[in-house]
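2 protein chains.
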Amino acid sequence: MSGSLTIVGTGPGNPGQTTPETLEAIAAAELFFGYGPYLDRLKLGPGQSRVASDNREEIDRARSALNAAVRGAKVCVVSGGDPGVFAMAAAICEAIETGPETWRRLEIKVLPGVTAMLAVAARAGAPLGHDFCAISLSDNLKPWELIERRLRAVAEAGLVIALYNPISRARPWQLATAFKILREVLPITTPVIFGRAVGRADENFVVIPLAEADQQQADMATCVIIGSAETRIIERPGLDPLVYSPRSAGI
Amino acid sequence: MSGSLTIVGTGPGNPGQTTPETLEAIAAAELFFGYGPYLDRLKLGPGQSRVASDNREEIDRARSALNAAVRGAKVCVVSGGDPGVFAMAAAICEAIETGPETWRRLEIKVLPGVTAMLAVAARAGAPLGHDFCAISLSDNLKPWELIERRLRAVAEAGLVIALYNPISRARPWQLATAFKILREVLPITTPVIFGRAVGRADENFVVIPLAEADQQQADMATCVIIGSAETRIIERPGLDPLVYSPRSAGI
Chain A
0 MSGSLTIVGT
10 GPGNPGQTTP
20 ETLEAIAAAE
30 LFFGYGPYLD
40 RLKLGPGQSR
50 VASDNREEID
60 RARSALNAAV
70 RGAKVCVVSG
80 GDPGVFAMAA
90 AICEAIETGP
100 ETWRRLEIKV
110 LPGVTAMLAV
120 AARAGAPLGH
130 DFCAISLSDN
140 LKPWELIERR
150 LRAVAEAGLV
160 IALYNPISRA
170 RPWQLATAFK
180 ILREVLPITT
190 PVIFGRAVGR
200 ADENFVVIPL
210 AEADQQQADM
220 ATCVIIGSAE
230 TRIIERPGLD
240 PLVYSPRSAG
250 I
Chain B
0 MSGSLTIVGT
10 GPGNPGQTTP
20 ETLEAIAAAE
30 LFFGYGPYLD
40 RLKLGPGQSR
50 VASDNREEID
60 RARSALNAAV
70 RGAKVCVVSG
80 GDPGVFAMAA
90 AICEAIETGP
100 ETWRRLEIKV
110 LPGVTAMLAV
120 AARAGAPLGH
130 DFCAISLSDN
140 LKPWELIERR
150 LRAVAEAGLV
160 IALYNPISRA
170 RPWQLATAFK
180 ILREVLPITT
190 PVIFGRAVGR
200 ADENFVVIPL
210 AEADQQQADM
220 ATCVIIGSAE
230 TRIIERPGLD
240 PLVYSPRSAG
250 I
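Residue numbers (numbering that gives the first Met the number 0), protein chains in the order written: chain A, 0 to 250; chain B, 0 to 250.
One chain only, chain A, in its complex shape (with noise of 0.2 Å):
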């Protein structure tokens, strides 16, 4: 008899914004398969068993779960934020395309969750109030001179940009570079985002111009966003300000 498969994400770290969906699937799921920092986060109980792995080892978690699904086993696959960007919902897709028969007839359930832009957006106003998108800053799978016409491309259409994996040990230059890029197109006083681990004890959350963007306020699981030509603060006695993005624009 086959298992299942549930591709979940457990949002920003606050568990507040684990949706009960999740929550339940968790509950439900048997097998748990994820980088370690994301496992921690869950309560297993009695019956309920974790593979922890490297978060530069996706393809091989997916084929690890995939095989565990075959088997019989109710498997969760956990991700940070939201299962499907930049995480290990497409790694599971990749997997079932190359792999073998068995692993098409599996149920396959992916769950959304919050992902990280939209907590750090909530935690400053509204950045993302108008068309943006979201980058991964990595360039492990895709070339470095891709990532930056995207910039480029996107800064000029006007699109608020969050950045995803904008730094690591074995990236050290790349955000550097970026802000570089998007200091061509933009107003310098453009403001930028830096947030990580919004809502908890060891949040940070830094709001400055682009021309004083500095790649050391952010570390691998920071999540970056540019405002556009058109994001605005908004000052506020005694209050963190606001940042926003109008919804008109170019009227």
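One or more hints might be untrue.
Claimed, not checked - Cross-link-like lysine-lysine pairs, in silico, DSS-like; alpha carbons within 30 Å at most:
hint, chain 1, residue 1, chain 2, residue 2
1, B, Lys42, B, Lys73
2, A, Lys42, A, Lys73
3, B, Lys73, B, Lys108
4, B, Lys108, A, Lys42
5, A, Lys73, A, Lys108
6, A, Lys108, B, Lys42
Because the hints were derived from the structure by calculation, they are not lab data.
Fit chain B to the given chain A structure using the hints.
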């Protein structure tokens, strides 16, 4: 004494996709402002009341909500999906920026939610697994020429595109024109996904090649996702196909 204002999103409509944090904020509020159909999703108790308005009255609604909060009420402004994505958070910020000083002294909280494109993507597989953008097709608040320019720019740059507000009675032709433009840039086999009320009894969910994409498949509550040239379909015996965008590109 001044009240407070919390801006929430109920998610795409499936009750299991409203976050616990949002449910808690709804339980704690007294006075609710929103588009009628979104307010209809709430189960209000004694001591809670609601002010419904039409979906083209965002700024008036924002001002009414801010006034009520300044007068001391615990106000909750309710969007569908995520309140920061083409929804009320930006309208509240706009109202504050041009409103009286007292509005800037209010405690404002925005709580993130599951926005429509994430739910539609999860239903399909992982079409947003690579770089993507979200564009509102409404030309009520921006010129149509700007929308056309953005569609061309992001399709040429290789981003998957999620279209919000694709069509309405007052905007009957824009979606067909958008498909026409995208057919000039993208392969006509590119997968297009129409998703509406995903996970609910009245779900509408269609995957079709760009060549056959027809605006009749959408209404104002539909989210339309157009793949990039890299987006793929995995056929599965007896199951819905999986649509996904590989994590790698241009390699």
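Contradicted hints - numbers only: none
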